[in-house]
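Number of protein chains: 2
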Amino acid sequence: MRKWQSIWVTGAVSLALLLGACRQAQAPADTTQAPAPATADATSATTAPTATPGADPLPSWRDGKNKQDILAFVKAATTEGGPGFIPPEARVATFDNDGTLWAEQPIVQLQFVLQRVAELAKQKPELAKDPAVKAVLDQNLDFFRDKDGEKHLMKLLALTSTGLSPADFEAAVKAFFAEAKHPKLNVPYKQTTYKPMVELLQYLRANGFQTWILSGGGIDFMRPIAESFYGIPPQQVIGSTGEYDVKLQDGKLAINKAAKVALINDHEGKVAGILTHIGKVPVFAAGNERSAGDIAQLTYSQTSPYPSFQLMVNHDDGEREFAYDEKDGASLAAAKANNWHVVSIRDDWVEVYAGP
Amino acid sequence: MRKWQSIWVTGAVSLALLLGACRQAQAPADTTQAPAPATADATSATTAPTATPGADPLPSWRDGKNKQDILAFVKAATTEGGPGFIPPEARVATFDNDGTLWAEQPIVQLQFVLQRVAELAKQKPELAKDPAVKAVLDQNLDFFRDKDGEKHLMKLLALTSTGLSPADFEAAVKAFFAEAKHPKLNVPYKQTTYKPMVELLQYLRANGFQTWILSGGGIDFMRPIAESFYGIPPQQVIGSTGEYDVKLQDGKLAINKAAKVALINDHEGKVAGILTHIGKVPVFAAGNERSAGDIAQLTYSQTSPYPSFQLMVNHDDGEREFAYDEKDGASLAAAKANNWHVVSIRDDWVEVYAGP
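Chains as they are written, first to last, in UniProt numbering: chain W, 1 to 356; chain H, 1 to 356.
For the record, the hints were derived by calculation from the structure and aren't laboratory data.
Be aware that one or more of the hints could be misleading.
Copies of one chain are not kept apart here, so a pair can be met inside one copy or by any two copies together.
Restricting the straight-line Cα-Cα distance to at most 20 Å, the calculated cross-link-like pairs of lysine to aspartate or glutamate (EDC-like) are [as the list claims (entries may be wrong)]:
#1 K336 - D250
#2 K280 - D245
#3 K280 - E227
#4 K124 - D138
#5 K67 - D138
#6 K134 - E170
#7 K155 - D56
#8 K260 - E126
Predicted, not measured: the structure shown is a model, and the values here were computed from it.
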């Protein structure tokens, strides 16, 4: 059995990117764009179209092969009797989150963890004796770059997310998103969602697709905001998951998040996430080209007996977003080998951010 | 952290019941009843009503407090502006399967495992050297009653469900249900689903509830038949879950069911299952009074900030179904203490089985 890599291998990669990419990349030229109407009812796979009939359902996408292929795929999928028809119950679409639905420089959940460490240290000053906590308080993120960095990050994760009830954790996540701003773009994180992808989610739902988040981030971190950010209800969020500690005693339930990891929803773990939560092969799968994390889910979607669509976002826009590449180029190589659609943020998107 | 009890503690209890109850209980007098139209589209939380307006949506339920309370709860939940209104996104209903949606004497999944053991032993006669396999082949189920019974049952589970691809396992499940008949009722298992409960599922969906199976049985065992038996799609099935072994190599995915248990979806584990798969507190929860397995989920649903409904099926009909009780009466005691609705199969149901 494959041993899932630790969440903090992902975390460490993310942190390295956070530390590195914000130095390399320029801030976007314009972050004050039109609001994204991300409020469609996604509890239904057959949500009625919200767009005006005949109107362009993907106005933030530049005309070109990628846009045309998306429109043609969806048209064929919904044309009964046609060769590309996909029955409604098989119209399952999975979307990675970080770098696919919103900007991932920096990783938002890592910002949340760092902030929670600081809050906890205020409540319990003795925590600052821990070198990892001290490093966060001193804003010395270089501390996490050495060989023990992962171990220290794991300690922080356990410190900030376990022993809380799911309801308390949800409240903490909501409080974070109510206040926090993207450090470079200086806007609330909701405004750093990608407008073209929010349009794509709505367009798919309007055509009977059930849209799912398939994030490497924590399931309990994404759920509280998935509906308002993307129109995706909590039960259609898949993410890295910890076990839950549930006790029933004298008729009362005590529920807490436990430290034990149940699923790292990244790389092959994303396929395990789909198997656990959906039990169907998605016919539409979207990811991005960082850390090879989406190759497995896109490969899996291509095993569907129905026509399928694979989309990989390429972060090639240093002006409006952040330009970065994988060292080994594995994701783009897999896209080329399998005829997946590579979406260029620079060339394919008229606007990048959902904005206010 | 609570250590989930082994699936085969449940299994052993089930087996004991299987061995015991079929001796005590009489076969139902009449199993050739009207068909259940269990084909509603449950991928949507807002499925249109299938019943004629004004018609009784629960014709297999005898008029009485339980039926009236169900009708009143749903009417209030859907009356906007009223004190019992529940917004559509919160209308989540969870149903245990064994003993709540279909007859559990014997446990159907145990029949499947025993049959698969026999098949495997045909393919590999050397397996019969294993005393547990030999006991199955000799129909010596007393073998599993001793103190090592659980250990032997675990071995059989590992033997019959691991190392297979999910697709192959699904095919095996479908093949089983295509052929197998209930040993006492002598009908296909689909006909042993409870007609009143299938009506209830349809009625809830017609009123904007999203219906979920929350079974102690295996998620991969329930999913292939949940849609045709109950109108519930695979992604709304929660069950006991094993880990999946996923490997991506040279662009190819190899996927197998692994022997490691991820969730025992029974007792407190049912709450963990809801947290993992739904992330919302159900407002309607249904279980039955065997082995105290549903007390936790019903307790949890009562913590909803919205009005909620708890239903516990009582197996008190030795004529038409099977009459059995918990030794300690824990489920009925919890129902009394918490004002849950106890449904008497004898008194509340006009008909019991969905039939052909």
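Results for each hint:
1. Taking the shortest Cα distances, K336 and D250 sit within 20 Å of each other only across copies (14 Å), while inside one copy they are farther apart (59 Å).
2. For the homomeric pair K280 and D245, the shortest alpha-carbon distance between copies (16 Å) is at most 20 Å, but the shortest distance inside one copy (28 Å) is not.
3. In this homomeric assembly, K280 and E227 come within 20 Å of each other (Cα to Cα) only across copies, at 13 Å, whereas the closest approach inside a single copy is 22 Å.
4. Taking identical chains as interchangeable, the C-alpha atoms of K124 and D138 lie at most 20 Å apart only when both belong to the same chain, with a minimum of 16 Å there against 64 Å between chains.
5. Taking the shortest alpha-carbon separations for K67 and D138, neither the intra-copy value of 46 Å nor the inter-copy value of 63 Å comes in at or below 20 Å.
6. Proximity of K134 and E170 under a CA criterion of 20 Å is satisfied in neither setting, with 26 Å inside one chain copy and 51 Å between copies.
7. In this assembly of identical chains, K155 and D56 lie within 20 Å of each other by CA distance neither inside one copy nor across copies; the values are 48 Å within and 58 Å between.
8. Within a single copy, K260 and E126 get their C-alpha atoms no closer than 25 Å, and across copies no closer than 39 Å, so neither meets the 20 Å cut-off.
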